[in-house]
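Fit chain Z to the known structure of chain D by using the hints.
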Amino acid sequence: MIGSILLFAIIVFGMYVASHRLSGVQLLAAIVLLAAGITLVVWPNAATYIAIRLNVGRGADLVTYFAIVGGLFVTANFYFRFKRQEQQLVAVVRELAIRNARTR
Amino acid sequence: MDARERRKPGLWVVVPAFNEAGSIANVLRGLGAHAPRIVVVDDGSSDRTSEIALGMRAVVVRHSVNLGQGAALQTGIDFALARNASHICTFDADGQHDPESIETMLTTIVAFGADVALGSRFLAGTPQMPALRRFILRLAVRFTRFQTGLQLTDAHNGLRLFTRSAAERLRINQAGMAHASEILAAIARLRLRYVEVPTKVAYTDYSLAKGQRMANSVKILFDLVYAAWTR
Numbered sequence: 034m035i036g037s038i039l040l041f042a043i044i045v046f047g048m049y050v051a052s053h054r055l056s057g058v059q060l061l062a063a064i065v066l067l068a069a070g071i072t073l074v075v076w077p078n079a080a081t082y083i084a085i086r087l088n089v090g091r092g093a094d095l096v097t098y099f100a101i102v103g104g105l106f107v108t109a110n111f112y113f114r115f116k117r118q119e120q121q122l123v124a125v126v127r128e129l130a131i132r133n134a135r136t137r
Numbered sequence: 035m036d037a038r039e040r041r042k043p044g045l046w047v048v049v050p051a052f053n054e055a056g057s058i059a060n061v062l063r064g065l066g067a068h069a070p071r072i073v074v075v076d077d078g079s080s081d082r083t084s085e086i087a088l089g090m091r092a093v094v095v096r097h098s099v100n101l102g103q104g105a106a107l108q109t110g111i112d113f114a115l116a117r118n119a120s121h122i123c124t125f126d127a128d129g130q131h132d133p134e135s136i137e138t139m140l141t142t143i144v145a146f147g148a149d150v151a152l153g154s155r156f157l158a159g160t161p162q163m164p165a166l167r168r169f170i171l172r173l174a175v176r177f178t179r180f181q182t183g184l185q186l187t188d189a190h191n192g193l194r195l196f197t198r199s200a201a202e203r204l205r206i207n208q209a210g211m212a213h214a215s216e217i218l219a220a221i222a223r224l225r226l227r228y229v230e231v232p233t234k235v236a237y238t239d240y241s242l243a244k245g246q247r248m249a250n251s252v253k254i255l256f257d258l259v260y261a262a263w264t265r
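Protein chains in written order, with this note's numbering: chain D, 34 to 137; chain Z, 35 to 265.
Don't read these hints as lab results, they were simulated from the structure.
From a predicted model like this one, the values you see are computed outputs, not experimental measurements.
Any given hint might turn out to be false.
[To be verified] These stretches of chain Z come out as covered by chain D in the derived footprint (C-beta under 8 Å, 3 or more residues):
#1 88 to 97
#2 109 to 118
[To be verified] Every beta carbon over 12 Å from chain Z, so not counted as near; a handful from chain D, in silico:
#3 Leu60
#4 Asp94
#5 Leu105
#6 Ile131
#7 Asn133
All residues carry an ideal CB built from backbone N, CA and C; glycine is no exception.
Excised from the complex, chain D in its bound form (with noise of 0.2 Å):
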């Protein structure tokens, strides 16, 4: 029951994100990660396989550390982001504050 619920919602996360342009990366990120996610619903114990093989003992970890990695790049993706998007702002609001100078 909850692998088909979990491979649905897999399922429509990958539509969600293919309906978006990605860049080339993006994309190869995302289907590697569909694919490991619709791999562990289908198949729970290759987590557990890989993972004694890389001598973490249990997959639940391995996949655990997994996604703390994961979640650090997309971290500093978006942390990167902002400070381009800020600087950005900083160029067009400097812009317009030169541009409307004032004086009486």
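Frame of chain D, contents of chain Z only:
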């Protein structure tokens, strides 16, 4: 051109101001005799800073949203450069600086053939200020010496004077308060000739309330680490 303009051809004073309605009139009045051309950069104030500055016959350039003091300074510098400034002075809007210092800085920069004159609170003995503030400022000086190699006595003084060519080469990218360190780092990187000029700083209740929260030094440090990392 009146007499005081002839005496200081091409000097523009940049006053970044964010919600300084309480002090901007006094600051501009004090500047009047020493600075023929003043541009107040209103950094998106929600009070009457702009109106008051306009009433005092300053040029007002207004950010439509608050961007931070570093961004305001760069806007003022861009504006002054566009108006063919030969020298650009940055001057805080909270009333802590002495307008007479501008005269001293201008004379010094010309006499020494320097690119930048920096105001220093500590060059002429330690002024009256709260002990914690003095401690943090001393730390900032150490940090600056370590970071830039500049042998300064004061790291974060808002009173500076640049020649046109120095101002053209300088770009302040730190929108927030880390710009003070950024300017010094740029002076070191661009190998600008700098000179420190002793200046009086008046710590009034108003300027202390408006001044930097000490906790903010942590944020400044973070901004600088970030900038060093992404450069």
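Hint check results:
Residue count for the region 88 to 97 of chain Z with a Cβ under 8 Å from a Cβ of chain D: 9. That meets the three needed, and the coverage hint holds. Under the rule that three or more residues need a Cβ within less than 8 Å of chain D, the assignment of the region 109 to 118 of chain Z holds, with 4 such residues. Listed as outside the interface, leucine 60 of chain D is consistent with that label: its C-beta sits roughly 26 Å from the nearest C-beta of chain Z, beyond the 12 Å cut-off. Against the 12 Å criterion, aspartate 94 of chain D stays outside the reach of chain Z, whose nearest CB is about 31 Å from its own CB.
No beta-carbon of chain Z is positioned within 12 Å of the beta-carbon of leucine 105 of chain D; the least distance is around 15 Å. At roughly 5 Å from the closest C-beta of chain Z, the C-beta of isoleucine 131 of chain D falls inside 12 Å, breaking its exclusion from the interface. Separation of asparagine 133 of chain D from chain Z is inadequate, the least Cβ-Cβ distance of about 7 Å not exceeding the 12 Å criterion.
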